[in-house]
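Chains as they are written, first to last, in this note's numbering: chain A, 4 to 272; chain B, 52 to 316; chain S, 163 to 274.
Hints were generated in silico from the structure; no laboratory data involved.
From a predicted model like this one, the values you see are computed outputs, not experimental measurements.
Derived DMTMM-like pairs: lysine to aspartate or glutamate, alpha-carbon spacing no greater than 20 Å straight-line:
no.	chain 1	residue 1	chain 2	residue 2
1	B	Lys173	S	Asp217
2	B	Lys242	S	Glu252
3	B	Lys240	S	Asp257
4	B	Lys240	S	Asp184
5	S	Lys211	S	Glu169
6	B	Lys169	S	Asp217
7	A	Lys48	B	Asp124
8	B	Lys197	A	Asp142
9	B	Lys158	S	Glu226
10	B	Lys188	A	Glu54
11	B	Lys239	S	Asp217
12	A	Lys31	B	Asp124
13	B	Lys132	S	Asp182
14	B	Lys211	S	Asp217
15	B	Lys173	S	Glu252
16	S	Lys197	B	Glu165
17	B	Lys242	S	Asp184
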Amino acid sequence: MLTKINSFFGSLGKTFRDCMGELSRIRKLMEEFFYWGIIAPFTGKRGIGRENFARQLTFMGNESLFIVFLVSTSIGAVLALQAAYQLKQFGALLYTGALVSVSMARELGPVVTAIVIAGRVGAAITAELGTMKVQEEVDALTTMGIPPISFLIVPRMLAIIVMLPVLTCLSFAVGIFGGFLVGSLCLGIDANLYMKASFDALVAKDILTGLAKSFVFAALIGVIATHTGLSVKGGADGVGKATTQSVVASIISVIVADGFCTAIFFYVF
Amino acid sequence: MKQVIQIQNVIKRFGDRAVLNGINFNIHEGETLVIMGGSGCGKSTLLRNIIGLMRPEEGRIMIFGKDMASAPDEERNQIRKSFGMLFQGSALFNSLTVGENVALPLKEHTQLDEQIIKIIVKVKLELVGLTGFEGLKPYEISGGMKKRVALARAIALDPKIVFYDEPGAGLDPITASVIDHLIMDLSKKLKMTSVVVTHEMKSAFRIADRMVMLHQGRVIAEGTAEDIRNSTNPYVHQFIHGEMDGPDHFQKTRDDYLKGIFGNV
Amino acid sequence: MKVQIREVQTEVKAALFEGDLDFHSSPEVRSELSKLADSQTKKIIIDLKKVSYIDSSGLATFVELFQRMKRYGGELVLFNLTQGVRSVFEIAKLDSVFRLAGSEQEALSLVS
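Go ahead and model the full structure; you've got the sequences and the hints to work with.
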């Protein structure tokens with residue numbers, strides 16, 4: 004019995020120690036990111052590699068534009084149908100547009116886009132960096148005197164931080180369009196009235212809230228994807244494992260962070 | 052003779068195990084030095100410490116008079132410009148073309164014009180016998196060619212020292228010997244100091260001016276190829292002849308075996 | 163790096179370099195030489211007796227000048243190469259492409 008308790012606390016301690024180690028490595032990554040992403044370019048020590056940054060931006064856009072488009076249209080449409088089902092009972096069918104636009108802006112746009120990006124871009128970043136790690140490419144950069152954080156991490160992090168909010172705006176617009184299609188074609192709401200209801204209900208705060216969330220999500224996905232990629236050990240199976248881990252961790256943390264953000268915006272602002 | 056690298060009492064531990072247990076030797080200017088030893092003898096760890104991918108717990112690694120072991124990161128990056136490194140798996144960047152791979156150190160560390168860099172890349176590729184391959188991606192060429200591109204990249208900044216980690220690994224014997232000859236040829240022509248880590252005896256005796264043999268984290272033999280060949284150290288003898296029986300046993304003794312199964316009875 | 167350029171004969175310019183031609187100094191040398199190429203100088207002879215070391219970037223600088231001059235039909239001769247500098251040309255197999263001379267007289271006779 005005693006040995007069992009002992010081993011339980013032993014393994015608990017070990018898990019705790021592992022977690023702390025992981026956190027301190029993440030902190031180190033963040034420090035280096037801030038150094039090479041913000042301090043070094045401004046002090047003229049080393050730029051952020053515009054070419055690389057542009058390449059990442061295009062890659063992320065290309066990878067996810069279509070999916071974000073598809074998913075957000077569907078979500079907008081489904082949302083309109085579900086809302087109408089309830090609202091009809093109160094004779095408030097006209098408010099469908101308002102409900103769709105506000106929930107797309109505040110909640111679904113940012114979250115859905117973040118999840119798509121975590122699955123497409125986050126996974127790609129982890130797999131690429133992991134492969135580079137196991138094929139000694141990261142070591143090769145270091146021995147060439149090129150800091151890997153500056154060369155590999157900074158362009159990817161910055162690109163995701165720029166790209167996610169942009170895609171979120173797109174998702175929001177397309178979601179409203181999806182709702183509009185359903186509302187005007189299937190539910191028989193007058194097209195003009197639907198649009199008016201959609202935009203009357205929106206205030207700047209809704210959109211800002213959504214954008215603020217998408218910044219937080221972008222940072223989370225970026226840190227998780229790059230950190231997991233650079234921590235890959237072993238060979239190809241290590242890369243596979245890390246990629247799955249990165250996607251799962253990103254999605255969970257996006258949803259948890261969403262909860263926190265929503266609570267903060269609800270109670271504080 | 053000028054010493055370009057001095058390794059003084061280097062100790063590296065992983066946990067309680069000392070992988071490098073007080074390494075001492077010097078590398079002379081212009082020579083080709085082979086560091087050899089069996090798997091797990093610490094030769095790769097030693098190389099990683101020299102090029103600054105790890106820091107030793109104790110000791111000094113002087114490269115051109117500067118201590119790689121204790122220098123801050125920024126200074127280490129300065130020291131790194133004076134040497135090139137050929138990795139075991141070539142470590143070319145797959146997203147870049149062959150030409151861009153060779154150009155990378157030049158773009159990062161010099162203010163040279165794009166046009167000049169292009170010419171340098173062509174010259175370097177000619178030196179390794181790959182003229183006209185600039186536009187290909189690394190996955191479009193063979194393993195031997197990748198090694199040569201990696202070599203061109205390693206000498207892009209005209210380094211004084213080049214390190215090679217198992218240059219023949221993963222190559223067929225003919226290609227491996229081509230790479231060996233390239234290493235010898237370039238070191239002579241460009242007057243570079245070459246440090247080669249390998250366990251392949253044929254290749255080692257082919258290229259070495261001097262050899263250092265590691266075993267269990269210590270230098271057990273050092274000298275010219277001839278010295279090593281005539282060494283009286285039984286382990287060295289076993290190693291260079293590739294014999295199974297010798298001081299390093301493949302099978303543990305019977306007592307160890309029984310102890311392993313039954314514990315201390 | 164010191165660069166002196168003078169006109170030795172009509173249409174012949176002689177350049178004298180002093181110092182090492184390496185990654186640091188070659189951009190400066192390049193800008194001096196491109197001035198000559200920009201003005202389409204027909205004949206350029208370059209004195210390398212005071213250059214004891216040349217690296218890949220120095221070599222590439224001369225290759226670029228050679229390419230540019232070839233386009234407008236100019237002539238380039240390098241002379242007084244030290245042993246170390248000559249071997250850099252030989253290793254890159256460029257000693258047969260460039261015209262290399264042993265003295266200023268020889269260089270002048272090659273371009274006239």
